[in-house]
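So the sequences go chain by chain: W and R. No gaps in the numbering here: position 65 of the first sequence is 64 in numbering that gives the first Met the number 0, and each next residue is one more. No gaps in the numbering here: position 189 of the second sequence is 188 in numbering that gives the first Met the number 0, and each next residue is one more.
Rather than coming from a laboratory, the hints here were simulated on the basis of the structure. Model, not experiment: these values are computed from the prediction. Where a beta carbon is used, it is the ideal one built from N, C-alpha and C, also for glycine. Hints should not be assumed to be uniformly reliable.
Stated by the list, open to error - Per the computed footprint, the stretches of chain R lying under chain W, defined by three or more beta-carbons under 8 Å from a beta-carbon of chain W, are:
id	stretch
1	92-102
2	137-148
3	282-288
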Amino acid sequence: MTQFTRRSYTAPGKIDGTDSDFVCHHCGAYVLANPVISGVNNRNHCPYCLSSRHLDLFEGGDRLSACRGSMRPIGLTFKRGHKKYDGQTELMLVHECQACATVSINRIARDDDVVALRTVLEQSAGLSPAMQEHLKAQGIHLLEATQSELPLLTAPAGLYTQYPEA
Amino acid sequence: MNIENTDPKPGVVFMRTRETYYVQIGRERILCTASTKLKQEIVVGDFVVWDDKHRITTVRPRHNQFSRRAAGTGYQQQIIAANVDQVLIVMSVAKPRPRWNLLDRYLVSAEFAVIPALICLTKMDLVQGTAQREEIEAVASEYASIGYDIILTSTQTCQGIDELRSQIQASISALVGQSGVGKTSLINALEPELALRTQDVSHHSNKGRHTTTTSQIYPLPAGGFMMDTPGIREFGMWDMTEEDLIYGFPEMRPYQHACKFSDCSHHEEPGCQVRQAVMEGDISPYRYQSYLKLREDL
Ligand SMILES: Nc1nc2c(ncn2[C@@H]2O[C@H](COP(=O)(O)OP(=O)(O)OP(=O)(O)O)[C@@H](O)[C@H]2O)c(=O)[nH]1
Ligand SMILES: [Mg+2]
Ligand SMILES: [Zn+2]
Ligand SMILES: [Zn+2]
Ligand SMILES: [Zn+2]
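Sequences are here, hints too, so could you generate the full structure?
Structure representation (structure tokens):
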């Protein structure tokens with residue numbers, strides 16, 4: 000196996016279609032990618048079932064992965080590094096590829112379904128110890144259900160589906 | 000002086016302007032026009048036969064031709080070089096920045112034309128001692144491991160010029176690439192006496208100014224012939240179908256017949272061995288991305 004160099008200075012230009020609407024491979028929903036609605040620039044998962052596809056390799060939107068597997072949400076974590084003013088860091092969604100077991104961390108979009116997020120949080124307690132270890136080895140610490148008194152998870156879903164003010 | 004060419008010995012077109020063809024036969028150089036009866040296009044590198052009025056009447060069948068889809072509307076072929084032993088694909092490592100994806104397009108075209116390709120990265124002096132240089136060298140070695148010859152050059156420091164000279168001996172090579180990458184400068188480095196016109200790239204866009212406007216073949220004293228060509232901006236594939244596109248990527252060929260579906264497009268299909276090889280690190284994800292992009296553009 001060759002290790003292919005990540006190209007940054009000579010990175011390819013923007014890939015077409017990374018910011019267009021898509022149909023969710025898991026639940027079949029039509030997903031709007033408009034950043035005004037999702038609040039994120041690179042909408043990569045379905046707001047209803049939170050699934051996505053394994054398309055990126057080095058960074059979001061590079062479309063350099065050949066896997067195409069289904070990425071299912073397995074838990075929540077805090078974003079590494081950047082602390083916000085109130086000491087909180089951004090809440091992130093952890094995905095695992097069903098085809099190749101790659102784990103990735105993704106931003107939660109403004110219109111992600113809060114109930115679905117809560118379900119992911121609850122079910123993540125049931126992950127196998129091996130999986131928990133695997134995540135820890137990569138420096139990913141899953142949020143536990145008891146930590147869920149977070150604004151995002153307790154707010155009514157409607158708040159996030161409202162059209163945002165300009 | 001009229002050099003009649005009634006016996007079938009052809010001369011080679013070494014340059015053309017709008018209506019004039021400059022033909023070399025032996026040590027003689029003559030000017031020709033195209034016979035109105037000739038239906039075929041005449042390009043630099045063609046072997047031609049002419050009549051007593053210096054009208055080209057016949058174009059000998061080409062051994063090969065390197066072409067692209069002509070820019071603009073319509074679906075037309077543009078022949079960039081004919082009857083060459085190799086194409087020298089020139090790409091600068093800065094000013095303008097390399098576009099590997101564009102290199103892949105040239106390489107695919109060379110594979111289909113069955114013309115050996117030599118990759119020539121220019122302006123190495125501009126990335127001296129930077130992380131950019133490391134990236135360039137790493138990617139260059141990825142191309143080398145596919146089996147492509149690749150030379151890193153600088154006409155400023157003369158890096159790679161001797162190596163280049165040895166790779167073009169006794170052959171006719173066509174220089175191809177974007178405007179401003181330093182094609183003409185390479186000929187000047189190989190043969191300073193030619194002192195061909197080159198020009199700075201634009202400071203704003205780092206794009207070339209289309210300095211060379213016609214193709215021309217130059218004999219090099221140390222041996223070999225170089226065909227200089229005008230820089231081109233985009234490189235669309237000519238006459239290629241989705242089914243055989245993969246042939247243009249030599250490192251992918253071994254996998255294609257192992258795919259689960261015999262008509263696999265190597266994109267989304269389950270059981271695709273090409274995709275699998277990318278996953279396992281046997282094929283570059285960037286080359287695979289080039290394949291997919293090209294597939295969309297056909
Ligand atoms: N620093 C540096 N500049 C170079 C080198 N080679 C060429 N250049 C510069 O790049 C500019 C463009 O070079 P040309 O040789 O005219 O490029 P070209 O590929 O022939 O361009 P077109 O004729 O427009 O297709 C000129 O200003 C050259 O001096 C190099 O090795 N190092
Ligand atoms: Mg030139
Ligand atoms: Zn879905
Ligand atoms: Zn995967
Ligand atoms: Zn396949």
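Hint check:
A count of 5 residues in the stretch 92-102 of chain R with a Cβ less than 8 Å from any Cβ of chain W is obtained; the coverage claim is therefore met, three being the minimum. A count of 4 residues in the stretch 137-148 of chain R with a Cβ less than 8 Å from any Cβ of chain W is obtained; the coverage claim is therefore met, three being the minimum. Chain W is given as covering the stretch 282-288 of chain R, and this holds because 5 residues of the stretch bring a CB closer than 8 Å to a CB of that chain, at least three being needed.
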